[in-house]
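J.: Protein sequence lines correspond, in order, to chains A and B. To convert, take the position in the first sequence, counting from 1, and add 17; that gives my numbering. To convert, take the position in the second sequence, counting from 1, and add 318; that gives my numbering.
Keep in mind that the hints were calculated from the coordinates and are not lab data. Among the hints, a few may not be true.
Said to hold, decoys possible - When the alpha-carbon atoms are kept at most 30 Å apart in a straight line, the in silico DSS-like pairs for lysine-lysine are as follows:
1. A:Lys427 / B:Lys377
2. A:Lys410 / B:Lys377
3. B:Lys357 / A:Lys92
4. A:Lys298 / B:Lys377
5. A:Lys298 / B:Lys470
6. A:Lys92 / B:Lys324
7. B:Lys344 / A:Lys84
8. B:Lys584 / B:Lys679
9. B:Lys377 / A:Lys84
10. A:Lys332 / B:Lys377
11. A:Lys84 / B:Lys448
Stated by the list, open to error - A short list of chain B residues far from chain A (calculated; beta carbon distances all over 10 Å):
12. Pro434
13. Asp564
14. Ser646
What the hints assert, rightly or not - Just some of the chain B residues that point at chain A, by a computed CB distance under 10 Å:
15. His327
16. Ile367
17. Gly380
18. Ile454
A virtual CB, placed ideally from N, CA and C, is assigned to each residue, including glycine.
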Amino acid sequence: MPKRLTPRLTELQVEIEGYARDYGLEPFSQIFEVVTYEEMNMVAAYGGFPKRYPHWRFGMEYERLSKSYAYGLSKIYELVINNDPCYAYLLDTNSDVDSKTVMAHVYGHNDFFKNNFSFAHTNRKMLDAMGNHSTRVRRLIDKHGIEAVETFIDRCYSLENLIDPHSPFIRRVAAESDETEASPRDPIHKLKVEREYMSGYINPEAFIAEQRERAKVEREQARRFPPEPRRDVLHFLLAHAPLEPWELDLLEIIREEAYYFAPQGQTKILNEGWATYWHSKIMTQRAVRDDEIIDYANAHAGVLATSGRQLNPYKLGLELLRDIEHRWDTGRFGKEFDECRDMAERRNWNRQLGLGREKLFEVRKHYNDVTFIDAFLTPEFCIDQKLFTFEWKEKGDRWEIVTRAFREVKQKLLGMLTNFGQPIIEVLDGNHENRGELLLVHRHEGVDLKQDHAHDTLENLAALWRRPVHLHTLVDEKGMLLSFDGREHAEKALEF
Amino acid sequence: MSSSIKQDHARFREIVRGRIKQNLRKYISKGELIGRQGKDLISIPLPQIDVPRFRFGQKQQGGVGSGEGEPGDTMGQGEPQPGSGEAGEGEGQHVLEMDVSLDELASILGEDLELPRIEPKGKKSIESVKLRYSGIHHVGPNALRHFRRSFKQALKRSIAAGTYDAKNPIIIPIRDDLRFRSWKEIRQPESNAVIILMMDVSGSMGDDQKELVRIETFWIDTWLRSQYEGIETRYIIHDAVAREVDRDTFFHTRESGGTMISSAYKLCKEIIEAEYDPESWNIYPFHFSDGDNWSAEDSRLCLSLLKESLVPWSNMFCYGQVDSPYGSGQFIKDLKEAFPQEEKVIWSEIPDRDGIYRSIKDFLGKGK
Numbered sequence: 018m019p020k021r022l023t024p025r026l027t028e029l030q031v032e033i034e035g036y037a038r039d040y041g042l043e044p045f046s047q048i049f050e051v052v053t054y055e056e057m058n059m060v061a062a063y064g065g066f067p068k069r070y071p072h073w074r075f076g077m078e079y080e081r082l083s084k085s086y087a088y089g090l091s092k093i094y095e096l097v098i099n100n101d102p103c104y105a106y107l108l109d110t111n112s113d114v115d116s117k118t119v120m121a122h123v124y125g126h127n128d129f130f131k132n133n134f135s136f137a138h139t140n141r142k143m144l145d146a147m148g149n150h151s152t153r154v155r156r157l158i159d160k161h162g163i164e165a166v167e168t169f170i171d172r173c174y175s176l177e178n179l180i181d182p183h184s185p186f187i188r189r190v191a192a193e194s195d196e197t198e199a200s201p202r203d204p205i206h207k208l209k210v211e212r213e214y215m216s217g218y219i220n221p222e223a224f225i226a227e228q229r230e231r232a233k234v235e236r237e238q239a240r241r242f243p244p245e246p247r248r249d250v251l252h253f254l255l256a257h258a259p260l261e262p263w264e265l266d267l268l269e270i271i272r273e274e275a276y277y278f279a280p281q282g283q284t285k286i287l288n289e290g291w292a293t294y295w296h297s298k299i300m301t302q303r304a305v306r307d308d309e310i311i312d313y314a315n316a317h318a319g320v321l322a323t324s325g326r327q328l329n330p331y332k333l334g335l336e337l338l339r340d341i342e343h344r345w346d347t348g349r350f351g352k353e354f355d356e357c358r359d360m361a362e363r364r365n366w367n368r369q370l371g372l373g374r375e376k377l378f379e380v381r382k383h384y385n386d387v388t389f390i391d392a393f394l395t396p397e398f399c400i401d402q403k404l405f406t407f408e409w410k411e412k413g414d415r416w417e418i419v420t421r422a423f424r425e426v427k428q429k430l431l432g433m434l435t436n437f438g439q440p441i442i443e444v445l446d447g448n449h450e451n452r453g454e455l456l457l458v459h460r461h462e463g464v465d466l467k468q469d470h471a472h473d474t475l476e477n478l479a480a481l482w483r484r485p486v487h488l489h490t491l492v493d494e495k496g497m498l499l500s501f502d503g504r505e506h507a508e509k510a511l512e513f
Numbered sequence: 319m320s321s322s323i324k325q326d327h328a329r330f331r332e333i334v335r336g337r338i339k340q341n342l343r344k345y346i347s348k349g350e351l352i353g354r355q356g357k358d359l360i361s362i363p364l365p366q367i368d369v370p371r372f373r374f375g376q377k378q379q380g381g382v383g384s385g386e387g388e389p390g391d392t393m394g395q396g397e398p399q400p401g402s403g404e405a406g407e408g409e410g411q412h413v414l415e416m417d418v419s420l421d422e423l424a425s426i427l428g429e430d431l432e433l434p435r436i437e438p439k440g441k442k443s444i445e446s447v448k449l450r451y452s453g454i455h456h457v458g459p460n461a462l463r464h465f466r467r468s469f470k471q472a473l474k475r476s477i478a479a480g481t482y483d484a485k486n487p488i489i490i491p492i493r494d495d496l497r498f499r500s501w502k503e504i505r506q507p508e509s510n511a512v513i514i515l516m517m518d519v520s521g522s523m524g525d526d527q528k529e530l531v532r533i534e535t536f537w538i539d540t541w542l543r544s545q546y547e548g549i550e551t552r553y554i555i556h557d558a559v560a561r562e563v564d565r566d567t568f569f570h571t572r573e574s575g576g577t578m579i580s581s582a583y584k585l586c587k588e589i590i591e592a593e594y595d596p597e598s599w600n601i602y603p604f605h606f607s608d609g610d611n612w613s614a615e616d617s618r619l620c621l622s623l624l625k626e627s628l629v630p631w632s633n634m635f636c637y638g639q640v641d642s643p644y645g646s647g648q649f650i651k652d653l654k655e656a657f658p659q660e661e662k663v664i665w666s667e668i669p670d671r672d673g674i675y676r677s678i679k680d681f682l683g684k685g686k
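The shape of chain A in the complex, shown without the other chains (with noise of 0.2 Å):
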């Protein structure tokens, strides 16, 4: 179980929150507990809770850890919820400083958590939810049996990610319908009438009959369902797919949880580099002592090893907060140094302005990792980080460096943040082909979906949706139509 604080550890706590406090942090009141390293991959395994529905995957995922940390190829020192309170873990084997750096690092995300808009919307009271959703669960597994449920599981599962981020709060099925309301506007065209006594003359009952008939076949035609293009795939199977109540209510759950975690997946970037930013800041300036500088530094270079040439999201974010930092502290920016075109001047470039960290805790409350890196990234960080983007060349058979050339390192990065790195898949028609089959439309960006994956995919909607369901996409640059009906995948090419 996990234990509270010792009070040297409490000791520690309050020394370090005073610290975060005085350089301007507003976390939410913080709890730690401490737990053992199995404890710690069980937390980190359920996403970071102590407790969420009894499902495989949980056990999949503290397989790797647990296994990762055996070989030493990994441990998890700290994990944070967004929660009020947050709530934070410690290993039981930490070190004082291992401690402290950690719990440094948890106020910044703590502080994060609070103050970045993303999570604005986000439901404070997870914890709370997460264990409501767990006994939600638990009873359905016993009025239906293991089987069925993690197999509904496994399907919502599979479309999680079919969701909008962008979506500023979850929306709630029976707050909103989807009907195309009835136009206000009298659908009927009437001839004009100057006098009321020639109105049986120039609007006779046939032609109005006849009017009548034709509103009514254009309101079936121009019915679209949905009428714009849905981002909120889950939210509409929820609203239309016919399902069982308790399907309906997996469903649900694991969409919460989607949204939930959104945030998260974007703003990984500046949300690490925030909190390794902090942890750094308040060990060496403050709360580091002598015989303790060496694990620490061990400690904080670990965080920001990059292996082989993969970027590390924490040096990222880090680098790039200091280099905002040094920008604003000496007035790198605006329309004068941007037009500078001396190189020495520009270099030795100081108006000693001292904005850094008011421009920090701007960046902190209204930035994304997608505009974080749009807005911030340039080309002289580019070259200091000694970024590239690379991609897989067929002859050869192998991943090469492609350029280091800033506009396609900004693109490409952007590209890989933009919707979590994933495709964005809208629905299209609800009821399509007027035979109530789904039809999904994906955005194409210049990347394929990967096949195999997209066909189990509409197999796990269809058993969702009940009817055939089809995908445009396009593959090769050419337009294509997955469908799957249920039984058999076809393939048909389509023009465009």
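Model the placement of chain B on the given structure of chain A, informed by the hints.
T.: Okay, now just chain B, sitting in the frame of chain A:
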């Protein structure tokens, strides 16, 4: 706290087990698992244990990295480079290979082939002692000095003492800084079983035939190991003469020339006499050939060696005959004739890879 994750974990292992069992026949006949064997674990590629999603093909997508290198330089062969943009929260989507212990694999094999468990004979059980390096000590022999830990200790000391100079970062460890690996003893009961693998490597046994033997013996070995705590394996190859070799040589030798099976059986007999007292050892001789022997005379010698010593001494004597375009396949007929009722003599024909599954059951289905 952790009972719920234990449940999820057990559920996951159950699913994995089911997948492996489903594919076991394929794994067995392809032999693809053999190359994936570690010390106690084997990594099994499992298609589709990851949840299908609408997602991009990684290869077309590419990514961003950092570090040295010119455009056109390689990033590293074949290893996928997950980008930083992935929503990594507990997705576990890269699990495509599962490590399964050989014991577990054997138990899946046992279930699938409905193999009975073996009752080992003999009473003596020897304890063996193994060393495992698992900790750090302040004293120890230089050969076990842990460089990084010693260096770190020295660095800490010199910073704490204020003698560290960042401009001239020389660290000289003193005796107190030194750290050494330490070990603990692990005692393991060792039961006494030996597998003696014999194979004909004469000209008529081609690479295909030896591959069949290699695959089949892997599974037999895995099963027997799961039945005994510790087990020894000896390898004998023969053409006209027999010699004992190591495992690697066993699978990779090809000789030309004639075949005298008796030479192998004689050597097998000598090894048993010298080292494995049949009273206390469980003995499993396996012989694989294409059934071609030099002469009827030699075959008769083989049969008498079997009757007089090898069969009485062994838990079972197994003969596997692989099809070869050159072999007459006579030897299996001789065996059948000589031991029509003998339960301890087991023969099996292995025509091709698909025959391996059946053949394993022939050999191990009796639970001897």
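J.: Regarding the pair Lys92 of chain A and Lys324 of chain B, is the alpha-carbon distance no greater than 30 Å?
T.: With Cα atoms ~20 Å apart, Lys92 of chain A and Lys324 of chain B stay inside 30 Å; holds.
J.: Would the hint on Ile367 of chain B stand, with a C-beta cut-off of 10 Å toward chain A?
T.: holds (7 Å)
J.: Does Lys470 of chain B sit within 30 Å of Lys298 of chain A, going by the straight-line distance between their CA atoms?
T.: Distance ~23 Å between Lys298 of chain A and Lys470 of chain B Cα, so the pair holds.
J.: Take the C-alpha atoms of Lys427 of chain A and Lys377 of chain B, compute the straight-line distance between them, and say whether it is at most 30 Å.
T.: holds (19 Å)
J.: Does Lys84 of chain A sit within 30 Å of Lys377 of chain B, going by the straight-line distance between their CA atoms?
T.: holds (27 Å)
J.: For the hint on His327 of chain B, does the least C-beta distance to chain A fall short of 10 Å?
T.: Because about 4 Å separates His327 of chain B from the closest Cβ in chain A, which is inside the 10 Å limit, the hint holds.
J.: Straight-line Cα separation of Lys357 of chain B and Lys92 of chain A no greater than 30 Å?
T.: The given pair, whose Cα atoms are some 24 Å apart, holds under the 30 Å limit.
J.: Are the Cα positions of Lys332 of chain A and Lys377 of chain B separated by 30 Å at most?
T.: Satisfied, since the Cα-Cα distance of roughly 25 Å is no more than 30 Å.
J.: Against chain A, run the beta carbon of Gly380 of chain B and see if the smallest gap drops under 10 Å.
T.: holds (4 Å)
J.: Under the criterion that the straight-line Cα-Cα distance not exceed 30 Å, is the pair Lys298 of chain A, Lys377 of chain B satisfied?
T.: violated (39 Å)
J.: So, as I understand it, the hint says Ile454 of chain B touches chain A; can you test that by seeing if any CB pair is closer than 10 Å?
T.: With a minimum Cβ separation of about 14 Å from chain A (threshold 10 Å), the hint on Ile454 of chain B is violated.
J.: Does Ser646 of chain B really sit off the interface, with its C-beta more than 10 Å from all C-beta atoms of chain A?
T.: Correct as stated: the minimum Cβ-Cβ distance to chain A is 46 Å, above 10 Å.
In summary, the numbered hints that this structure violates are 4 and 18.
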